[in-house]
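J.: My request is simple: use the sequences and hints to build the entire structure.
Below, each chain spelled out in residue letters.
Number of protein chains: 2
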Amino acid sequence: MSAYEALKSSFHRIACLDEAGAMLSWDAAAMMPEGGAEARGEQLAVLAGLSHEFLCAPEVGENLSQAHVQTAWDSQNLALMKEAHLRATALPRDLVEAQVRAGRACESIWRAARKISDFAAVRPALTEVVCLAREGAVILGEALGLSPYDALMSQYQRGISSAEVNAIFARYEAFLRDALPLAEALQARRAHQVLPSGPYPEAVQAELARRLAAAVGLNFNAARLDVSAHPFCGGTPTDIRITTRYDETDFCAALMGVLHETGHALYEQNLPAAWARQPVGAAAGMAMHESQSLIIEMQAVRSDAYLSYLAPLAAEAFGKEITLAGLKHRLRRVERSFIRVEADEMTYPAHVFLRFQLEQALLSGDLAVADLPGAWNEGFKKLLGIIPPDDARGCLQDIHWFDGAIGYFPSYTLGAMAAAQLMAAARKALPDLDAALAQGDLSPLISWLSIHVHRLGASAGFNEILQSATGETLNPEYFEAHLTVRYLG
Amino acid sequence: MSAYEALKSSFHRIACLDEAGAMLSWDAAAMMPEGGAEARGEQLAVLAGLSHEFLCAPEVGENLSQAHVQTAWDSQNLALMKEAHLRATALPRDLVEAQVRAGRACESIWRAARKISDFAAVRPALTEVVCLAREGAVILGEALGLSPYDALMSQYQRGISSAEVNAIFARYEAFLRDALPLAEALQARRAHQVLPSGPYPEAVQAELARRLAAAVGLNFNAARLDVSAHPFCGGTPTDIRITTRYDETDFCAALMGVLHETGHALYEQNLPAAWARQPVGAAAGMAMHESQSLIIEMQAVRSDAYLSYLAPLAAEAFGKEITLAGLKHRLRRVERSFIRVEADEMTYPAHVFLRFQLEQALLSGDLAVADLPGAWNEGFKKLLGIIPPDDARGCLQDIHWFDGAIGYFPSYTLGAMAAAQLMAAARKALPDLDAALAQGDLSPLISWLSIHVHRLGASAGFNEILQSATGETLNPEYFEAHLTVRYLG
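Residue numbers (my numbering), protein chains in the order written: chain U, 1 to 489; chain P, 1 to 489.
Because the hints were derived from the structure by calculation, they are not lab data. Being a predicted model, the structure only gives us computed values, none of them experimental. Glycine included, every Cβ here is placed at the ideal spot set by N, Cα and C.
Derived, one-sided and incomplete: chain U residues facing chain P with beta-carbon distance under 10 Å: (1) W26; (2) A37; (3) L47; (4) P237.
Not the full set, but computed from the structure, chain P residues with beta-carbon under 10 Å of chain U: (5) H12; (6) C16; (7) L17; (8) A20; (9) M23; (10) D27; (11) E34; (12) G35; (13) A37; (14) R40; (15) E42; (16) N219; (17) N221; (18) A222; (19) D239; (20) I240.
T.: In structure tokens form, the structure reads like this:
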């Protein structure tokens with residue numbers, strides 16, 4: 001067996017362990033009785049520990065130094081293997097263990113502190129988490145030839161730098177300054193048509209969601225839809241597990257959630273099967289993944305065309321007067337608000353931009369943890385003109401930092417912007433796209449995405465995929481144009 | 001870390017991998033979409049391969065030779081570790097791989113052959129499986145100081161020999177010769193009261209089954225009940241997964257199935273938590289496990305007392321006239337039949353005895369595979385007086401041999417007999433047991449079983465546990481007495 005074949009075999013085994021972990025994590029969220037939590041934690045720790053051990057194994061390092069490959073895909077596969085091995089071995093074991101311990105402790109304190117909006121209570125633990133993250137980021141950055149922050153960010157999304165992201169956000173900030181008040185003014189003038197009040201029975205919602213997800217292209221011979229407290233898309237490409245939660249007073253939240261996760265699921269189902277369980281056969285990153293969920297949920301499903309298809313369907317399913325105007329009022333409303341996960345698509349990037357700036361400052365040390373609440377509120381006021389009434393609705397709202405995850409946030413907005421750019425390219429390539437959407441038919445869009453994104457796996461980075469799919473790297477103009485048409489028209 | 005501590009840590013990790021495998025197997029049976037099958041097979045193979053690799057590791061062997069222990073439980077734990085390591089390492093890798101390959105190939109041929117009752121089609125493959133099983137059994141027997149057959153049988157149930165089992169079956173055969181015709185004659189004279197015809201809605205069955213399982217003592221904070229094609233009890237002690245299947249024309253099959261699996265589940269839930277993931281903390285074997293399902297299903301639930309409690313409950317749940325007499329007619333009927341899994345409790349051991357005799361003869365070479373159908377039919381006629389109309393209803397009906405599993409069958413009947421013996425001892429210790437059963441209250445029985453069986457884990461063998469719980473090793477008189485009271489009274 002050649003060195004490269006041996007590597008492929010190692011990564012195949014690692015992927016199988018990771019798949020087992022993914023399935024058990026889904027089970028923990030969707031199926032497991034409470035009593036199983038402790039044992040599940042140990043099972044997952046053993047699987048993750050072995051996966052890490054195999055990735056760090058000396059023979060992987062030796063094979064990496066001896067492997068030779070022919071094709072471009074193999075070459076990229078090998079590069080991704082090298083990066084994964086480097087990431088896994090660059091940090092001293094003591095540091096990794098300290099990071100895990102600190103993150104676990106901080107997360108637990110944060111859960112209590114958020115409830116009573118007590119930032120001071122979690123400040124020492126967060127300080128420790130940030131210190132250790134910084135120490136790791138410096139080492140990783142040196143190993144990978146990246147700045148410390150880029151070393152963290154690139155573990156979520158390769159192929160775009162924080163400098164590029166900074167420029168994109170600066171432009172968005174300028175756009176928002178004028179666009180938001182204008183959108184609000186237009187919205188205030190428009191007649192409201194509120195959707196009928198519930199109940200919208202859970203079983204009817206689930207049936208409708210399943211039917212629409214299948215119509216969008218989800219293959220239920222290789223997928224399930226279940227319920228969990230926090231909706232997600234898990235599982236593996238041939239066995240996708242998406243989840244949602246139902247609110248009987250509002251069918252839209254679950255339905256949009258399912259179609260969002262369906263976008264993630266389609267990406268996974270369409271990854272190149274010939275490269276399954278190899279690094280190059282995986283998705284291209286979290287931002288690209290988010291672009292695939294948002295192009296379905298935000299670009300396609302919330303379009304006039306699709307909503308005009310959805311309204312009579314929903315009306316029939318629930319036996320209520322659900323109109324296009326009602327859906328538009330519910331699903332396309334701009335509002336300054338404090339909580340990121342509840343934000344609309346126009347203001348959402350502001351929430352992300354704030355976090356992106358603050359986490360860079362925390363990591364560099366320019367911002368002390370003690371000054372975070374003040375900096376948060378000041379930044380929030382600057383971006384959205386309002387000040388959170390307390391830290392629970394401010395800097396304590398997200399788990400990410402308290403859990404040690406720094407560098408993830410930009411992916412949300414990069415995904416939203418890439419979705420707009422990809423949709424614009426798809427529209428150009430598919431002149432009948434809106435007519436299809438008006439029939440509830442997403443297959444032309446999915447086929448286009450499959451060819452230009454899904455089947456590429458991780459053979460290219462974020463900007464490379466956009467370049468080949470749309471003719472340019474990430475260009476925020478498309479997102480602005482999308483918001484302009486939808487909210488300022 | 002002492003050698004013994006290192007061993008405990010190794011076995012803990014192995015157990016975590018096995019738990020992950022158990023959960024993923026449950027998922028495959030109860031949840032997984034069809035498309036996931038291939039990937040799941042690979043995930044399970046990786047987990048099983050690692051578990052085996054860790055069990056065979058040279059440092060396990062070294063630690064086993066150096067470990068010292070103090071307490072009786074540690075001593076038994078160490079002995080079980082030694083046996084597991086010996087079993088895993090005794091066979092040459094070539095042989096194990098050949099066995100796996102042959103079993104897989106044979107099972108696949110068997111599935112087709114059984115459908116068209118074509119024994120000749122599977123004969124060569126079964127010959128190969130038996131040959132390889134024999135080769136392995138000889139090596140294992142030498143390593144463990146057991147006869148080849150006992151070496152196979154003891155992997156399913158330790159602490160009882162095939163010589164003991166032979167004597168027990170011989171006695172049962174003599175009992176059955178008179179008891180069966182007598183039971184049939186009595187049954188023919190009795191007035192029939194047939195249960196009302198369905199439909200019995202699946203949702204109502206599921207609700208009743210869940211309610212009764214909980215009343216029997218199953219803790220649903222640490223358990224689930226779902227649907228699968230072949231009912232089983234899986235999962236782990238703090239996260240038990242039982243399954244059943246529903247037939248809307250007959251609520252009894254699913255209900256008895258659930259209560260049977262509940263017996264297995266209670267054994268697992270009550271295992272000694274302090275020894276979780278150590279060999280001594282596991283169940284004492286398959287026969288002991290079957291005794292715990294059968295003491296619930298056959299001894300307690302099918303008793304007059306419990307059925308008198310169940311009848312009005314079921315009548316109310318289904319809104320039908322379900323009487324004690326109807327339940328007795330459905331659940332306590334003796335019948336000569338060809339299929340083991342459909343057999344009643346009086347004739348079931350005859351099905352097992354036949355297989356026990358034949359598999360010993362196959363393993364020793366006294367019976368050629370080619371002569372199996374004839375030997376089967378002859379033996380069946382001798383035991384039950386009827387001849388299978390074809391091999392599909394004869395020697396092709398069970399997967400076990402075709403899959404390479406020899407030595408498992410006796411566990412079913414040892415379990416049934418142990419259940420009767422344990423119930424007799426529990427009745428002696430708990431004079432009000434029937435009064436409790438008549439209230440649907442199994443808690444006195446479960447508490448007794450927990451103390452005398454469950455909490456012992458694998459600290460003692462089959463006969464040792466019976467000895468300490470009932471004052472004697474397995475004595476088939478109790479089973480005969482049970483059948484006599486129930487069917488010949």
